Amino acid sequence: MATQSFKTYFGRNSRQGLWYVPLLITVVGAVILTVYTDDFASPQNLSNLLSQAMPLIIVAIGQMIVIVIGGMDLSVGAIISLTTALLALDAPAFVLVPAVFAITALIGLVNGYSIVKLNVHPIIATLSVQFIVVGFARILRPVAGGSVPDIVVSCVAGTVFGIPLTVFWAVIVLLLGWKLIHGSRYGLHLFAIGGGVSSGQEDAAHNFGISDQRNVILAYVCSALFAALAGFYIAGRISSGDPGVGETFALDSVTAVAIGGTQLSGGIGSLHGTLFGAILMVLLSNGMNLANLSAFLQGAIKGAILLLVVSLQSRKKMGL
Amino acid sequence: MGAIAANPVLQRAIRVPPAYLVFAVLLITLWVTKPQLMNVNVMGIFIRQVAPLGILVLGQLLVMRVRSIDLSGAGVLLVVNYMISSGIMGDVPAIAYIAMALSVGLAVGLVNGYLVGRRRVSAVIATLAVTVILTGIIQFLASGKPPGDMPGYFNDIYNTKIWIVPTPVAFWLLLTVLMSLFLSRFVFGRFIAAIGENPTASHFSGVPVERTVIASHILASVIASVAALVQSASVAVGSIRLGLEMPIDAVAATILGGVIFGRGDGGVWGPFFGVMCFALLFVVMTSFGVPDPGKQIARGLIILLAAIFYGLSSSEK
Numbered sequence: 015m016a017t018q019s020f021k022t023y024f025g026r027n028s029r030q031g032l033w034y035v036p037l038l039i040t041v042v043g044a045v046i047l048t049v050y051t052d053d054f055a056s057p058q059n060l061s062n063l064l065s066q067a068m069p070l071i072i073v074a075i076g077q078m079i080v081i082v083i084g085g086m087d088l089s090v091g092a093i094i095s096l097t098t099a100l101l102a103l104d105a106p107a108f109v110l111v112p113a114v115f116a117i118t119a120l121i122g123l124v125n126g127y128s129i130v131k132l133n134v135h136p137i138i139a140t141l142s143v144q145f146i147v148v149g150f151a152r153i154l155r156p157v158a159g160g161s162v163p164d165i166v167v168s169c170v171a172g173t174v175f176g177i178p179l180t181v182f183w184a185v186i187v188l189l190l191g192w193k194l195i196h197g198s199r200y201g202l203h204l205f206a207i208g209g210g211v212s213s214g215q216e217d218a219a220h221n222f223g224i225s226d227q228r229n230v231i232l233a234y235v236c237s238a239l240f241a242a243l244a245g246f247y248i249a250g251r252i253s254s255g256d257p258g259v260g261e262t263f264a265l266d267s268v269t270a271v272a273i274g275g276t277q278l279s280g281g282i283g284s285l286h287g288t289l290f291g292a293i294l295m296v297l298l299s300n301g302m303n304l305a306n307l308s309a310f311l312q313g314a315i316k317g318a319i320l321l322l323v324v325s326l327q328s329r330k331k332m333g334l
Numbered sequence: 034m035g036a037i038a039a040n041p042v043l044q045r046a047i048r049v050p051p052a053y054l055v056f057a058v059l060l061i062t063l064w065v066t067k068p069q070l071m072n073v074n075v076m077g078i079f080i081r082q083v084a085p086l087g088i089l090v091l092g093q094l095l096v097m098r099v100r101s102i103d104l105s106g107a108g109v110l111l112v113v114n115y116m117i118s119s120g121i122m123g124d125v126p127a128i129a130y131i132a133m134a135l136s137v138g139l140a141v142g143l144v145n146g147y148l149v150g151r152r153r154v155s156a157v158i159a160t161l162a163v164t165v166i167l168t169g170i171i172q173f174l175a176s177g178k179p180p181g182d183m184p185g186y187f188n189d190i191y192n193t194k195i196w197i198v199p200t201p202v203a204f205w206l207l208l209t210v211l212m213s214l215f216l217s218r219f220v221f222g223r224f225i226a227a228i229g230e231n232p233t234a235s236h237f238s239g240v241p242v243e244r245t246v247i248a249s250h251i252l253a254s255v256i257a258s259v260a261a262l263v264q265s266a267s268v269a270v271g272s273i274r275l276g277l278e279m280p281i282d283a284v285a286a287t288i289l290g291g292v293i294f295g296r297g298d299g300g301v302w303g304p305f306f307g308v309m310c311f312a313l314l315f316v317v318m319t320s321f322g323v324p325d326p327g328k329q330i331a332r333g334l335i336i337l338l339a340a341i342f343y344g345l346s347s348s349e350k
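Residue numbers (this note's numbering), protein chains in the order written: chain B, 15 to 334; chain E, 34 to 350.
No lab work stands behind these hints: they were computed from the structure.
Treat the hints with care, since some could be wrong.
Claimed, not checked - So the derived list for chain B, only partly shown, Cβ under 8 Å to chain E, looks like this:
(1) Val41
(2) Ala113
(3) Val148
(4) Gly149
(5) Ser325
Everything numeric in this text was worked out from a predicted model, so none of it was measured.
In this text, a Cβ means the ideal position worked out from N, Cα and C, and glycines have one as well.
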């Protein structure tokens, strides 16, 4: 029994992927930063780091759900931008907040429906949806500005019992993600669908009685909703709307998920890996900022890391 | 749905790339609403604007027919543009610029081909990452500011005409004819069609799948560098903005032209008219006063609708 669970988490063929690699690198990086900088390990800095990492963690969880089924969602960045733009509209919060989540769920539905029912490649579908969504965000709010309802800001900033609200966000989001991915029948079905896709037998899950179409559509809705949650968090932090704020999140979330040991071909991955991947990404930009590296070069380095990570993953299919 | 799609006439009709229909609709719209624009000179200027895109599409259709995609055109464009306009190469003749552009294309193509063909990295991720890396490096070198001017003779050539056809358009037409001959008369074209139809079957029939995919990526990037030269000639001043629009438009035009991930119904002329659609579309939208975000929405809708069109027609097979 003990070896069984050891294999579940660490085995070469573990369904959870190589999640401990980013964990190790993160720990090593944190130790180095603690030694070489004065106040890296201070509660203040750690809480700053967590709030920097939070949006990426949230988006990456959603991104991971679609990557596990062998898909990809490039519209998450646009959804974040749209969410902040919508929240900065001049309307009461009890209208805005439900409207935001309804609209983003609809976007996820459009993604999922075009992929599953209309047979469009996931990358093409989400890429074109991304253009449409960013277009709408820029019509709503051509330049950054406006202000979001106070309730949104107070949901994100501030402390309860001296603990920053971000910590509560982290706990809730991770519990939600854990339940969805590793603690429910739905999550198991996701892995089954993805395992079939990555081994070239796309009907496998369907033949075992898993309603793959509905689950895939639902996965894209989940990914859109997690992106909206991240947008909500960002809107609370910057307390205004910005149509360009989400621009880098599509690729960054894919990078975080890939670093976290999730196979881009589907079927293998874990929530904790994604969490460590996202933290590693933020730690990296934190370190690069401390080293005074140009923002342009930081972009290039992130791209290079993405290339490195994905080229280390083995895949059978060639092309897209 | 199945019964309608099984109709042989409709089956034939659905294989005609949407580009021709869209082109006709746009042309009629323009004719009815803005008849004053319908003359050779004005049209020449509009079409000249999309010549770089048209050339880029010639490479895009190659990689899309072998079920891959190339978004690294934006990076190639930026590098070539920077190398020419920053004066980093000193005072050199035009041939040196052309050699530089082609070698940039070759190098990027080799990297893409290795990553996609040999390492089997997802082509979207690989080529997008290449663009991000190249953009970051160029923006760092230029320290965020646009570099200087292009040498004057680039723009001079760009502004010439051969009879009534602007030189860039003539050049684009020539390349399109060459590509069409290349794909129809050479074994390479057959390999590409075979891989698009079924990579596994092609592999077992002795088609060098890996080599063909790598070769088409190299060709696509070299063609992108030619497009970059034409683009550089058109702008006169260097720019360092990350412009993913060009490669995305190239993907959209190619899909519109009937070439999508393995299917090559549109040949080379389908995507050609896909690009012409883009030329007219932007004229129509500008003349109706559609703002920039509106154009972005239109761009997304075109890709999605064209992809849905092909998704539906291939799911009925």
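_I'd like to know which numbered hints this structure contradicts. Please list them from smallest to largest._
1 and 2
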